[in-house]
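There are 2 protein chains.
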Amino acid sequence: MLPRGRPRALGAAALLLLLLLIGFFLFGGDVECELGERGGERRGPGSLPCPLTPRVSADGRPRGAAAVDGDPSADRGGRNRSDCVPPRPPLPKCELLHVAIVCAGHNSSRDLVTLVKSVLFYRKNPLHFHLVTDAMARNILEMLFHTWMVPAVRVSFYDVEELKPQVSWIPNKHYSGLYGLMKLVLPAALPPELARVIVLDTDVTFASDIAELWALFAHFSDEQVIGLVENQSDWYLGNLWRNHRPWPALGRGFNTGVILLRLDRLRQAGWGQMWTLTATRELLTLPATSLADQDIFNAVIKEHPGLVQPLPCVWNVQLSDHTLAERCYSEASDLKVIHWNSPKKLRVKNKHVEYFRNLYLTFLEYDGNLLRRELFGCPSPPPAGAEQVQWALAQLDEEDACFEFRQQRLTVHRVHVTFLPHEPPPPRPHDVTLVAQLSMDRLQMLEALCRHWPGPMSLALYLTDAEAQQFLRFVEASAVLSARQNVAYHVVYREGPLYPVNQLRNVALAQALTPYVFLSDIDFLPAYSLYDDLRASIEQLKLGSERRAALVVPAFETLHYRFSFPSSKAEVLALLDSGSLYTFRYHEWPRGHAPTDYARWREAQTPYRVQWAADYEPYVVVPRDCPRYDPRFVGFGWNKVAHIMELDAQEYELLVLPEAFTIHLPHGPSLDISRFRSSPTYRDCLQAVKDEFHQDLSRRYGAAALKYLTALQQPRRPA
Amino acid sequence: MLPRGRPRALGAAALLLLLLLIGFFLFGGDVECELGERGGERRGPGSLPCPLTPRVSADGRPRGAAAVDGDPSADRGGRNRSDCVPPRPPLPKCELLHVAIVCAGHNSSRDLVTLVKSVLFYRKNPLHFHLVTDAMARNILEMLFHTWMVPAVRVSFYDVEELKPQVSWIPNKHYSGLYGLMKLVLPAALPPELARVIVLDTDVTFASDIAELWALFAHFSDEQVIGLVENQSDWYLGNLWRNHRPWPALGRGFNTGVILLRLDRLRQAGWGQMWTLTATRELLTLPATSLADQDIFNAVIKEHPGLVQPLPCVWNVQLSDHTLAERCYSEASDLKVIHWNSPKKLRVKNKHVEYFRNLYLTFLEYDGNLLRRELFGCPSPPPAGAEQVQWALAQLDEEDACFEFRQQRLTVHRVHVTFLPHEPPPPRPHDVTLVAQLSMDRLQMLEALCRHWPGPMSLALYLTDAEAQQFLRFVEASAVLSARQNVAYHVVYREGPLYPVNQLRNVALAQALTPYVFLSDIDFLPAYSLYDDLRASIEQLKLGSERRAALVVPAFETLHYRFSFPSSKAEVLALLDSGSLYTFRYHEWPRGHAPTDYARWREAQTPYRVQWAADYEPYVVVPRDCPRYDPRFVGFGWNKVAHIMELDAQEYELLVLPEAFTIHLPHGPSLDISRFRSSPTYRDCLQAVKDEFHQDLSRRYGAAALKYLTALQQPRRPA
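Protein sequence lines, in the order shown, are assigned to chains V and D. Using the working numbering, you'd call the opening residue of the first sequence number 3 and step up by one each time. Using the working numbering, you'd call the opening residue of the second sequence number 3 and step up by one each time.
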C-alpha cells in the first residue's frame with residue numbers, strides 16, 4: 003500500500019492525516035457515511051463505504067467484504083464526486099500474473115478452455131498458467147496451448163498422480179472428488195520461487211481483467227496469506243436442514259472457487275502441517291468433507307482468522323442452489339467473476355440465470371483465434387513456433403493469385419483432441435482405427451458410420467468454437483453416438499477460406515491408437531463386416547512385421563440417396579450389374595481407382611497385388627506409422643493422390659482385399675469442389691502445388707521418383 | 003469538475019492547494035515528472051501526467067489530449083501509488099445516455115450493427131440511439147431493433163432527406179458524401195429538450211463502457227460545447243504532399259469520428275449560423291471540403307478555440323493511412339474506441355492491424371442474442387412485445403416432452419432484412435418473386451438457382467452472426483451472385499435447436515415486393531422458362547383481379563446427383579419414361595403431390611383445376627397477400643401441408659400449369675429429418691401441433707373446415 007522509500011512514506015502518512023482533516027472539515031466528521039451516501043449507492047449493514055483494506059470484525063465476519071458491499075475498487079460511482087479518492091490497488095502493468103487450476107478429464111478440460119478464454123479476453127498482462135492435471139487433461143491441453151499460440155501466455159503442467167497421496171486419506175463427499183482437495187497442496191506442489199498465485203476452479207467465468215484481482219494482494223496485511231470471498235449461502239450456518247452439520251467456519255465461511263494465495267508466507271507458516279492437523283482433528287468428529295478443500299480451508303481459518311483477507315463479493319459471485327448472491331450483484335456496479343458452483347451448473351434455477359448464462363456462452367462460443375493478440379504495452383517473446391510462421395507469412399505476396407492457398411497451408415489451427423470422453427482401445431496387435439475428417443455439414447453421417455464400423459475411430463472435425471458446441475449437443479442428443487466410447491473426436495478450429503483437408507487427416511491419423519489405420523472419407527460407409535475382415539487379413543498377411551503393404555479397400559458409389567446397403571460381396575456384384583451401384587467416380591474420373599482392377603476383384607478369392615499408376619487414390623489400410631499427408635494440399639484436389647504416391651515411393655505393396663468394400667453416398671457438392679470447378683485460378687494454384695510436391699519427391703527419393711514426373715507430363719484434370 | 007455547493011467547493015480548493023504542497027514536499031516540486039515516473043509509464047513531450055482538465059496551449063494544440071497522453075482517467079497504473087488520486091469523472095449509474103449516428107444504405111447498416119454490438123457488450127446504462135437514416139437503413143434497422151428486443155435500449159429515427167437541404171450546398175470530396183456533413187445539423191435535428199449527445203461514425207468500434215465517455219462531459223468548462231480527440235495524422239499540418247491545402251485547424255486539428263456535443267449550449271450559441279458563416283467564407287478560397295464535416299468543425303474551432311474540450315486520444319484511435327495512433331495506444335494502458343477511418347477499412351496496412359481487426363471481428367461475429375441482457379442495477383421497462391413472450395415462455399413446462407417445440411415457436415428471432423445491397427424490382431402488374439429459405443448447408447444452391455430464375459427473389463437465411471459473415475464473403479466471391487441486384491437476402495439469426503421453417507418462410511414472404519410470389523424450396527431448380535411462363539399465365543388467367551387462385555407448379559425429383567437439366571416439358575416426359583426422373587417423393591410419400599394428377603399433366607395443353615386432398619403440399623404461385631405460414635410448425639414435417647389447407651379453406655382455386663415444372667435435387671438428409679425419423683417424441687409433438695392447428699382451423703372457418711378433420715381421422719405418417 004505505502005510507497006517505498008522513507009520520504010514518500012512520510013508524505014503518504016502526512017497526506018492520510020490531511021485527508022482525514024479535510025474529510026472532517028468537509029463532511030462534519032462522518033467521513034464513512036458521507037462518502038458512502040454521496041456515492042449514490044445504498045450500502046448494507048456492517049459494510050465500510052470507503053475501506054482502505056477490509057477488516058475482520060470481532061465475530062469474524064469479513065465486514066469489508068460483506069456480500070452486499072460490491073467491489074470498492076470498482077465502485078467508481080461511489081467515489082468520484084469526493085475530491086480525493088482512496089487509492090484503488092495499483093494495476094501491475096506488464097507484471098507476470100500466475101494462475102493455478104486443477105483439471106482432470108475430458109469435460110473439465112473443455113470447461114478450463116472456456117475459463118481461459120474469458121481470462122484472456124480481458125487480460126492486459128502476461129500470464130503463467132500452472133495446470134495440475136491427469137494424463138488425459140494434459141494430453142488435451144498441451145496440444146491445445148501449443149497450437150493456440152497466444153502471445154504472453156506460459157503454461158506449466160503438474161502431475162495430479164504425484165499429489166494424490168497427500169490428500170487421498172481424506173474422506174470426501176463432494177462431486178469434485180479428490181481433485182477439489184488438490185488445492186490444499188499447491189504451496190508444496192508449485193515451484194518454491196513462486197510467491198503469489200491466483201487459484202481458480204474450472205467452473206468460474208471472468209467478466210473483467212484478472213489484473214484487478216491480482217492487485218488485491220496489495221490489500222494483504224503482513225499476517226494475511228489467503229484471499230477469499232465470503233460464501234454466498236447459509237451452508238456453514240448449519241441451518242439448511244435438520245441435523246445438517248457443516249464443518250466449522252467463520253460466520254458464513256468462505257468459498258474457495260477463487261483464491262489468492264501468498265505461497266511464500268504459507269510455506270513459512272508451515273501450511274502443510276497446519277491444514278493436516280485441523281483436518282485430522284475435525285475428522286475425529288465429522289465423517290468426511292462435504293465441500294472438499296473448502297471445508298478444510300474454512301476450518302483452518304476459523305482457528306486462525308488472521309490468515310484471511312476477505313475479498314469483495316463481486317470476485318466470486320456464486321450461483322449455487324441456495325445462493326444469496328443477488329445481495330452482491332444487485333448492488334455492485336460491476337461483476338468480476340461468476341462461479342457456477344451448483345452441481346446443476348448452467349441448468350441451475352435462478353431469477354437472473356439468463357444473464358449469467360449469456361456471459362458464459364459469450365466465451366464458450368468465442369472464436370479463440372481472436373485471442374492470439376499481442377500485448378503492445380508489454381513486449382514479450384512470441385510463442386514457440388510463432389516466429390517462423392509469421393516470417394513465412396510475411397514472405398507471401400498478397401498480389402499472388404495463389405496467396406490464399408499459400409496462406410492457408412501456413413495457418414496453424416488450434417487443435418482440441420478428444421473433445422468428448424473417450425476410452426483408448428485395449429492394445430491388440432491387429433486392431434484398426436477408421437480415420438476420417440469432416441465439417442458441420444456432414445454430422446448426419448456419424449450415426450450411420452457408427453452402425454457400419456464397430457471398431458475404434460479417430461475423426462477430425464473442422465469447426466468454429468460455436469459449432470463445436472452444436473456438435474456437442476448433437477452427440478448428446480444421439481443415443482447411437484453417446485453409447486460409443488471408442489470414437490475419438492478431435493476438433494480443429496476453423497481459420498481461413500480453404501478446407502485444410504490434409505492437415506485434418508494428419509490430426510486424426512496422429513491420434514489413432516491402434517497399430518493399423520483405415521484411411522477413409524466421411525461420405526463412405528464400409529461393409530458391415532469390414533472391421534472384422536481387416537483384422538483377419540492383417541493377421542493372415544503378417545502386415546507390418548514381415549511385409550510393408552497397404553491393403554486396398556475397393557470403393558464403390560451409389561447415385562441414389564435412398565439405398566439399401568449390400569450385406570455381402572455377392573450383393574455388391576448384383577447391384578453393379580443392375581446399375582444401381584458403380585465403381586467409385588466411374589463417370590467423371592475412372593483413373594482414380596482403375597488400378598484396383600475391379601474386373602479381377604469380381605473373381606478374386608485371395609488378396610492380389612496391383613501396381614501404382616498416375617492419379618491412383620484408393621482407400622487403404624496401413625500401419626499407423628505410415629507417411630503423413632502433405633499439408634500443402636488444401637481445399638479440393640489431389641490430396642490423396644499425393645499420399646498414395648508417397649506410399650509407392652516408400653515401396654509399400656498395394657494389396658487389394660477380395661471381400662472388402664466401401665460405398666460412397668451421394669451429397670450436394672461441397673463449396674470447395676464448386677470453387678474448383680468454377681475457378682481457373684484455383685486449378686492453376688493446385689497445379690503449382692503439384693509441381694512443388696513433385697520437386698520435393700524427386701529430392702527425397704531421387705531416381706526412384708522419376709516415374710512420377712514422367713507420369714505427370716501429359717496434363718489432365720486432377721482428381 | 004468542482005463539486006456543487008459552496009462548502010464542498012471550499013474544501014476542494016483547499017485540497018488542491020494541499021496536494022500541490024505535498025507534491026512539492028514529496029518530490030521537490032517537479033510534480034509532473036515524479037507522478038509520471040512513479041506511475042511506471044514513460045510519457046511523451048508536451049503531455050500532462052496528472053491533468054485535471056486538459057488545456058489548450060498557446061499554439062492551440064490540445065496538450066492535455068496530445069496523442070501520446072493515453073487516457074488520464076483510465077491510467078490507473080500511473081496513479082495508484084500516489085496517495086491521492088485526482089477524481090475520475092463519475093460514471094453516471096443508470097443515467098440514460100444518448101447516442102446519435104448517421105447511417106444510410108445496406109452496407110452502413112451492417113457496420114452500424116457491429117458498432118452497436120460493441121457498445122452494448124460493455125454498457126451498463128440505458129441507451130437511447132438517435133439514428134439519422136435514409137429509407138433503406140430505416141427499413142432494415144427498425145425491423146432489426148424491433149426483433150432484437152434488447153432491454154433498456156430506445157431507438158429514434160430521423161429522416162436524412164429532410165436534413166439534406168441544409169448541407170447539400172457544400173461541395174464535398176469525402177467518400178462519406180453528404181452523410182458525413184449531416185453531423186453539423188444535429189443540434190437542430192435532434193429533439194430540442196436533448197441537452198447532450200455522443201455522436202459516432204459507423205466505422206468505430208468500442209472496447210470499453212460508453213458511460214466512461216459520457217462521463218467526460220463533466221470535464222467541460224462553461225464555455226466548452228464540443229468534445230473531440232486530436233486528429234492522429236499530419237493532414238491538417240498541410241505537409242503531406244506538395245500543394246496539399248487542407249482546411250484551417252488548430253495544430254493537427256480534431257477528428258470527428260467520436261464527438262461529445264452539448265446541444266443545449268450549441269443551440270444557445272447559434273451554432274447553425276456559426277458553422278454556415280465559416281464554411282461559406284472558407285469556400286471562397288477552397289474548392290470543397292475534403293473530409294466533410296471534419297473540415298468545417300475544425301475551421302470553426304480554429305476561430306473559437308474555447309469551444310472545444312480535447313478528449314484523451316484513446317477515445318478515438320484512428321487507423322487512417324498515415325496514422326500516428328501508435329503514439330497513443332502504445333502508451334495507453336487501455337484502448338477505448340477504435341476508428342477505421344481509412345477508406346481501406348479493415349484492409350488498411352498497419353503494424354498492429356491484426357490486433358485491431360481481432361477486436362472488430364469479436365463484435366462482427368458476436369452472437370447478438372447474448373446482448374438481450376437486462377441491467378440489474380437499473381430497472382427499466384421491458385422492450386415492446388418482450389413481456390408477452392416472457393409470460394408465454396414462463397407458462398411452459400420444462401418437463402413436457404414437447405417443451406423444445408413450444409419454446410422454439412415462441413422464440414423471437416432477430417431479423418436483418420436486405421442484408422446485402424438490393425434494388426427493389428420496378429413495379430410490374432404480373433411480376434413474381436421466388437420465395438424460399440435456407441441455412442448455411444445449402445449456400446451452394448444459390449448460384450444454380452440464380453441461373454434458373456432471372457426474376458426477383460426473396461430469400462430468408464437462418465444463420466449465426468458469424469455465419470452471416472461467411473455468407474457475405476461467399477456472395478462477394480461469386481461472380482454470378484454479386485452480379486444480381488434483384489435478390490434480397492434476409493438474415494434470421496439462429497436461436498434454439500429446431501429449424502423455424504415457417505417463420506423463415508413468412509419473413510421472406512413479407513419482404514417480397516412484387517404482386518405475386520412463387521413459394522418454393524431451396525433444393526428445387528425451376529425450369530429455365532418458368533419465370534416468363536408464370537408472368538404470362540398470371541396475365542392470361544387474370545389472377546388476383548378476377549379470380550382467387552393458386553397456380554400449381556408440378557414438382558419432380560432426380561435421385562442422380564449428376565443430372566442434365568431438361569429444357570422443355572418434352573424432355574421431362576422423356577426422363578420420366580427413362581426412369582431418371584420421378585414425380586416428387588414418388589417413393590416415400592406420393593400423397594404429398596398425387597392431387598396434381600401427373601397423368602393429366604402429361605397431356606394438358608391448358609391450366610386445369612384440381613381438388614384439395616389430405617396431405618397435399620404442391621409448390622404454388624399466389625398473390626403476395628396470401629395467408630401466412632403457421633409458425634407453430636418448426637423443424638421437419640407438415641409445414642407446407644397446413645398452408646395449402648388454409649389456402650383451400652379460403653377457397654383458392656388450385657390450377658395446375660401445363661408447361662411449368664420444378665425439379666428437386668438430391669442432398670444428404672437434413673438434421674431435422676434425421677431427428678424426425680429417429681425420434682418418436684418428435685413425431686408425437688408434431689401430432690400435437692397438428693391437432694392444435696385443426697382446432698384453430700375449425701374455429702376460424704367453422705363447418706367448412708370439417709372436411710380437414712375427417713380427412714385427418716385415419717392416422718398416417720405426416721409429410
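Calculated directly from the structure, the hints in this document are not laboratory data. Please note that a few of the clues may not be correct.
In this list, chains with the same sequence are indistinguishable; a pair is considered to hold if it fits within one copy or across any two.
No more than 35 angstroms apart at the CA atoms, straight line, and that leaves these computed lysine-lysine pairs for DSBU-like [unchecked claim]:
1) Lys692 <-> Lys709
2) Lys709 <-> Lys175
3) Lys166 <-> Lys571
4) Lys126 <-> Lys346
Practice prompt. Against the structure, test the hints numbered earlier, and report the numbers of the ones violated in rising order.
Written response: 2 and 3
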